[in-house]
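> The primary structure of each chain is shown beneath.
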Amino acid sequence: MAHEQGIDLYLYIIRVLATGAWVTIEVAVGSLLFSMLVAAPLANAQSLGGPTVKAIIRVYVEVFRAVPVLTQLFIIYFGLATLGLKLGSITAAIIGLGLNGSAYCAEIFRAGIEAVPRGQTEAARALGLRRWQVFRLVVLPQAVRMVLPPLTNFSIQLLKNTSVASAVAAPEIMLLARNLVNETFLSPQIYLSVCLVYLCISLPMIRLAGWLERRTGAFESRQ
Amino acid sequence: MMKHLADWLPLLAHGALQSAKMMLIAYVIALVFGAVLMLMRRSRFRLISGIAGIYITAIRGTPVLAQLFFIYFGLAEMGLVMSSWQAAIIGLGGNSAAYVAEIYRAGIESVSRGQIEAARSMGLRRFQITRLVVLPQMVTVVLPPLANQAVVLIKETSVASLIAAPELMHEARDLAAEFYMPLELYLLAGLMYLMLAFPLSVLARHLEARLRIER
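Top line first, the protein sequences correspond to chains A and B.
Count along the first sequence from 1, then add 4; that gives the number in our numbering.
Count along the second sequence from 1, then add 972; that gives the number in our numbering.
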């Protein structure tokens, strides 16, 4: 649609970028949920499981954290397709970013669980609470406070990582921006606009992370 | 796959070497430019600290891929043409510099004001305070996150393949297209990134554990 001119052209660009921004948010939220879903049992097994389980999870976390997310996406999207497992690009992006993120998320959850002093869980056990009651009533409420600031920072990282999904043709903002550049040759304007869109989403999150950090800091010093 | 391995490995190893080189150059840029940014951020002049603040926030709030596209394609459109290698080094270095500046700042702020005032009252000069009081303590705070930033950077070099900069991922994509064996090639590339990044992340954790005891 490069034949559009003047104001129409700019409106067209804005409309396309808005569509892409929405897909970006979908991929980010999808992979965040996926990460947390995978990470929760991993973190629990890490703090409760036997040495073999711990070692396996350790390897999982180390491998996923040491390999670039782009490489992981390519393995899932292009690699698995040759084995007959053909995933859509958005599905592949959510699984790839989610699996990658689960390694970071598991570490965040584990740190949150381990931040609750052992004495408290032992005291709760001594008072006759069951294992899951101890987790739900004693560990979880405190762990959540510890986990929220790093989890917000992790979400910002995840949002930025979604841009890499353009390389597996997921129609998020980066991919649509590249197509727009091919149509209009307005690359500086378009890529700057894309950065602005990312900033509009990430700045409130950066603020939130800072606020949560200060609040958790106050909570810790009160303890 | 085995019969191809002899063809692939030298090419992939060459790519890994280029990734390591790209990362090292970008890291040095980040360490130096990060220090400049931190000093600007702490400047008494509002304008200078404001510019540094905006730069740091803008970099941290946007993906490195968007930054690379702007530097490589956007600036070329505006008349500043760079090779993809140059764009990758400037983009990755400039990106990490924002994070490094924050690491330095946290390091300086970890030294309590009381110590600086005490050193002052003992008659030490500003430069002596920086050299004898602030820097030695700052180093212990700053080293572990700096090592972590190196891990982030080596992984981010993979993104430079999307502006066709010559490095490991670019090599793997070329080979995957030629042999149509993407699974094998990207797994091999992943293994090579693991070999590059894992020692660094072990170092980071080692520093973290050691320096914590010292404090």
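Keep in mind that the hints were calculated from the coordinates and are not lab data.
Be a bit skeptical, because a hint or two may be false.
Here are a few chain B residues that face chain A, going by a calculated C-beta distance under 10 Å [unchecked claim]: (1) Y999; (2) L1037; (3) Q1039; (4) V1053; (5) M1054; (6) W1057; (7) E1081; (8) R1085; (9) L1115; (10) A1119; (11) V1131; (12) P1154.
Note that the coordinates shown come from a computational prediction; the quantities given were computed from them, not determined experimentally.
Glycine residues also receive a C-beta, built at the ideal position from the N, C-alpha and C atoms.
> Can we keep the B:W1057 interface hint, with Cβ of chain A closer than 10 Å?
Check failed: Cβ of B:W1057 comes no nearer than 18 Å to chain A, outside 10 Å.
> Take the shortest C-beta to C-beta distance between B:M1054 and chain A; is it under 10 Å?
For B:M1054, the interface hint is violated, since the closest Cβ of chain A sits about 13 Å away, which is over 10 Å.
> Would the stated hint for B:V1053 survive a check requiring a Cβ distance to chain A of less than 10 Å?
violated, 12 Å
> Tell me if the interface restraint on B:R1085 is satisfied: Cβ within less than 10 Å of some Cβ in chain A.
violated, 18 Å
> Given B:V1131 as an interface hint, is the shortest Cβ-Cβ distance to chain A below 10 Å?
Where the cut-off is 10 Å and the nearest Cβ of chain A is about 6 Å from B:V1131, the hint holds.
> Once the shortest beta carbon distance from B:A1119 to chain A is found, is it less than 10 Å?
violated, 13 Å
> With a cut-off of 10 Å, does the beta carbon of B:Y999 approach a beta carbon of chain A closely enough for the hint to hold?
violated, 16 Å
> Quick check on the hint: B:L1037 CB to chain A CB, less than 10 Å?
holds, 4 Å
> Could you check if B:Q1039 really has its C-beta closer than 10 Å to a C-beta on chain A?
holds, 7 Å
> Holds or violated: the hint that B:L1115 contacts chain A, with Cβ atoms closer than 10 Å.
At about 19 Å, which exceeds the 10 Å cut-off, the nearest Cβ of chain A leaves the hint on B:L1115 violated.
> For the hint on B:E1081, does the least C-beta distance to chain A fall short of 10 Å?
violated, 13 Å
> Let's test the interface hint: is any C-beta of chain A closer than 10 Å to that of B:P1154?
Result: holds, 4 Å to nearest chain A Cβ.
When held up to the earlier numbered hints, the structure conflicts with 1, 4, 5, 6, 7, 8, 9, 10 and fits the remainder.
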